Each structure stands twice: as C-alpha cells, then as structure tokens.
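Given chain Z, work out where chain D should sit, using these hints.
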Amino acid sequence: EAAVTQSPRNKVAVTGGKVTLSCNQTNNHNNMYWYRQDTGHGLRLIHYSYGAGSTEKGDIPDGYKASRPSQENFSLILELATPSQTSVYFCASGDGTGHTEVFFGKGTRLTVV
Amino acid sequence: SQWGEENLQALSIQEGEDVTMNCSYKTYTTVVHWYRQDSGRGPALIILIRSNEREKRSGRLRATLDTSSQSSSLSITAAQCEDTAVYFCATVNNYAQGLTFGLGTRVSVFP
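Protein sequence lines, in the order shown, are assigned to chains Z and D.
Going by the numbering used here, the first residue of the first sequence is number 261, and it counts up by one from there.
Going by the numbering used here, the first residue of the second sequence is number 0, and it counts up by one from there.
Here chain Z stands alone, though its shape is the one from the complex (with noise of 0.2 Å):
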C-alpha cells in the first residue's frame, strides 16, 4: 500500500528557531513536494525534487531549504522560523507523469511562537 509518513504532526517553535519536517515514502517514487495549506490560499508548493540529491524551488520557496539525501526520504527545513510560517504542511509524493495519483501524508500542524 502506498505510504506517505510525516514526523512530527505537531511541532511548536519559537520565533528564530530551526524546524525540521521529515517525510518518508514507501511508493519508490521518484518525485517528492512540499506543501502548505492555509485557509485562503488552499495548498502551495514550497519546494519539490525528482530524484535523491535533488531540491528545486515551488511557488513560495522564501524562508524554506528542503533536503532529499535518498530516495525515500524529503525534508523540509526552516532555518529561522517567523510566526507566518505557522500552517499544516503536507509532503506527497508521485511518479511524475500527472496521471497517476498523488500520495499525500497526513501533515504536520506547525506553530510557531
């Protein structure tokens, strides 16, 4: 069964702090996202890769690294989190040809204070 895994679910950080979002998939996709969804402005890709090695910048990449060292593994990193970071982000993954489904994780609520 095709699996999307995100830690933490929940995560509180203080303003200035580094965050780390970890996601792992079983699906050997090649291609990983980084989203975040707040009320308004529905689902926007942050960061994206095709492959292990490989990050490329979404639609609001400002203020977020991400990281792919392996195949199952994507990362999405806040160096200085700031209180407008504060949503649910939701890593996926997919085969990259647009029409096989999208597996999505159950997201992570984070809070920044």
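Be a bit skeptical, because a hint or two may be false.
As the list claims (entries may be wrong) - Taking lysine-lysine and the DSSO-like style, the derived pairs with C-alpha atoms no more than 30 Å apart in a straight line are:
(1) Lys25(D) - Lys55(D)
(2) Lys317(Z) - Lys25(D)
(3) Lys271(Z) - Lys325(Z)
(4) Lys55(D) - Lys366(Z)
(5) Lys366(Z) - Lys325(Z)
(6) Lys317(Z) - Lys271(Z)
No lab work stands behind these hints, which were simulated from the structure alone.
Small disclaimer: the values here were computed from a predicted structure and weren't measured.
Okay, now just chain D, sitting in the frame of chain Z:
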C-alpha cells in the same frame, strides 16, 4: 493563479440530495484530478479525468471536463453524511508534474 476565484465555496445539503461543484482553470491541461480531504488528513484522489474522456464515473461520483471552456465539475449523487469533506480540483504543473490546487469546496452533508 492557475485557478479562478470562484473555486472557493461552501455547500450544505441534506442526505440523499445531489451536489455539484465546479472549477475553472486558466492554462491548458490534459488531466484534472479531484481530491478529497477529510478533517485532519491529507488529500486523497477520488477521481481523475483526462481530456479525451469528457465524463468519468466512479460509484456515486461523476466528473466532467470541458477543455474548450477550461472547466471541470464533480457531482455526488445521493450524498451521504460520510461525503462531508473538502473537495479540491487540481491540474498538473511544470514542477516535476506535481499538482496545482484550486481553493476547494467544503461540502457538509446533514442527516
């Protein structure tokens, strides 16, 4: 934005009623995805329609795609309480063939 502003809406219906939600998109696409998101969960694909299909059915779900008007619709027949969720349409973007989502439609089904 890839999507028209009319995407954002909330619909409340009673069990047994039919409901239709609409999306319009601005750029060419060969496929439209429809995802469902339950509270506290990530989105999950419920139906995918390609440009050569015009209509696609899956159980009580029916999706249409009109490439000439760049619009898609999702209908739920005889809605049940368990259909309560947020429904998103999405097209494929140029970012590693990921998805660009509309704002979603919140559907609430009451007994």
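Here's how the hints hold up against the structure:
no. : hint                  : verdict
1   : Lys25(D) - Lys55(D)   : 22 Å, holds
2   : Lys317(Z) - Lys25(D)  : 22 Å, holds
3   : Lys271(Z) - Lys325(Z) : 18 Å, holds
4   : Lys55(D) - Lys366(Z)  : 27 Å, holds
5   : Lys366(Z) - Lys325(Z) : 21 Å, holds
6   : Lys317(Z) - Lys271(Z) : 24 Å, holds
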